[in-house]
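Whole structure, please, built from the sequences with the hints as guidance.
Chain by chain, the residues run as shown.
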Amino acid sequence: MTEATLLLRQIHPTFVQNSRVTSQAFRPTPKDENQLSADNGDKMSAGDAWRRFSAQPECMSAGVMAVSQGECLTCAVHVVEDGVPYIEHCYLDFAPFNGNPANRIGKQLAAKAQDRGWLFEAK
Amino acid sequence: MPPPSFKPELIGDRFADHQVPLEVLKDFAAFEELLMEVAKREYLEDHPDRLRIPRGFTKGVELRLAAIDDGSAILTLVVAGGLALMDTSDYIARAHDKIVDTIANISDGRAPGLPPELLRYFDRFGRSLLEGESITFHRAQGGQSSLTPEVREQLLRASEAEEWTEETLLKGRVSATFMANGEFELELANGAKLRAPLEHQHHGTVIEAMTEYGHGRTLAVKGVVRKNRNGHLKKFDSIEHVNLLHPLDVETRLEELGTLKDRWLNGKGIAPDRAGLKALAENFDKNFDAALPLPHLYPTTEGGVLAEWTLGNWSVSLEIEIGTQTAQYEALHLVSDETSEFTLNLSELAGWTSLNNELRQLTVPVGPE
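Chain order of the listed sequences is A and B.
So the first sequence is numbered by the numbering used here: it starts at 526 and just counts up by one.
So the second sequence is numbered by the numbering used here: it starts at 408 and just counts up by one.
No lab work stands behind these hints: they were computed from the structure.
Sample of chain A residues with no beta-carbon within 10 Å of chain B, all distances over it, derived:
| hint | residue |
| --- | --- |
| 1 | 587 |
| 2 | 598 |
| 3 | 605 |
| 4 | 606 |
| 5 | 622 |
| 6 | 646 |
Computed list of lysine-lysine pairs in DSSO-like fashion (alpha-carbon distance at most 27 Å, straight line):
| hint | chain 1 | residue 1 | chain 2 | residue 2 |
| --- | --- | --- | --- | --- |
| 7 | B | 578 | A | 648 |
| 8 | B | 600 | B | 685 |
| 9 | B | 668 | A | 556 |
| 10 | A | 648 | B | 668 |
| 11 | B | 675 | A | 648 |
| 12 | B | 466 | B | 414 |
| 13 | B | 433 | B | 447 |
Derived contacts from chain A toward chain B, CB cut-off under 7 Å, selection only:
| hint | residue |
| --- | --- |
| 14 | 537 |
| 15 | 539 |
| 16 | 540 |
| 17 | 542 |
| 18 | 543 |
| 19 | 545 |
| 20 | 547 |
| 21 | 554 |
| 22 | 556 |
| 23 | 583 |
| 24 | 584 |
| 25 | 629 |
| 26 | 632 |
| 27 | 636 |
A quick note: this is a predicted structure, and the numbers were derived from the prediction, not measured.
Glycine included, each C-beta is placed from N, C-alpha and C at the ideal position.
This is how it looks when you write it as structure tokens:
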């Protein structure tokens, strides 16, 4: 993984309104144990990542957006390539942050992802 | 015998201060028709030897609104009609009592009294009533009988009608126009499609809505819609007005969020409380400065709502706890990392004033130095 590696995030349909994505899509929910899941864009395409995610029960995605590893590091967020439950899986480690700092990082990352635009959009 | 007069009482918030919306008075035109029809039947019942009612039996006889008295709003309806009234007034009084008894019977789970074909007048009489409203009549033998939206539906079901109409406001996207038929098609959020008459005065708005179909632009349509006994909406009979909503219309978005179920976020996430969302929408409409940009609104996994604004380099969020209407405001400057945070109480005007003031500061354009 390099600083240019894109970390692919699935965007839930309700997290999009009028083409704008919420910052919540780029920070963990309280049940995520400070780990924000992503797929390594060097190892799989956005379309393949979407297809695998959407095939799971109860999982819905309007498409795929991404931030780079370098952008995460700018926000002091480290990316961990855990390879679990599949080889391309990694996570953004929010453990050092709680509450408002995590919200602010979510806003920074969401703004960068929004500038980059959709890498894959569900029809 | 003096001409009959009736004093139905309208109960509900819209009738406070002894005022009555004009659209509700339309219902009483249908009541008048029902009254005359029942009066004719009463006459024939008294004269079984006659095949038809006398010529001119109700000619010139009409129901007039004479006053709106104290009460939620008490109407004084008088029957006027000159000479013809001498023959009909007794039958009209009896007809009134029969209609009132029919409403009471249905409310009490008994057989209505009026035959099914006459019950169909309730398609128009009572149609303008909203949830929680009623038209209450005093019964000749004492007591009251109230026509509510629920009682009206029971009467219509007893009428054996296959379908009836409702006054309603529906929101959806305009998916097609049919110029040859003078109609357009409204696609509701659940995918149902309803045809509606395309009136000349609504033409431009409807076409604009259709042009923006792909962007999800929503049209609010108020009118009379026809539905069947199963509650399925069939089509609009008439349109009162149409309103092309802002793409970020708050009430519409909160209604969408109100359709979420628990586990909405890939198996996680609590559904927001609908009553709380409705209260939030009303508060927003009442207290949010209309000159400020509308927020994007998203659900949170804890059952709340996150409002977000992108104002230049400022990323602003307001995380709202629906039950308490408390909110955490946070503004972050994406370049300088400057932040502003505080808690607001959106159940109080002061909370909205603070929010409006903060957003106003971030939206004021910076002039040349």
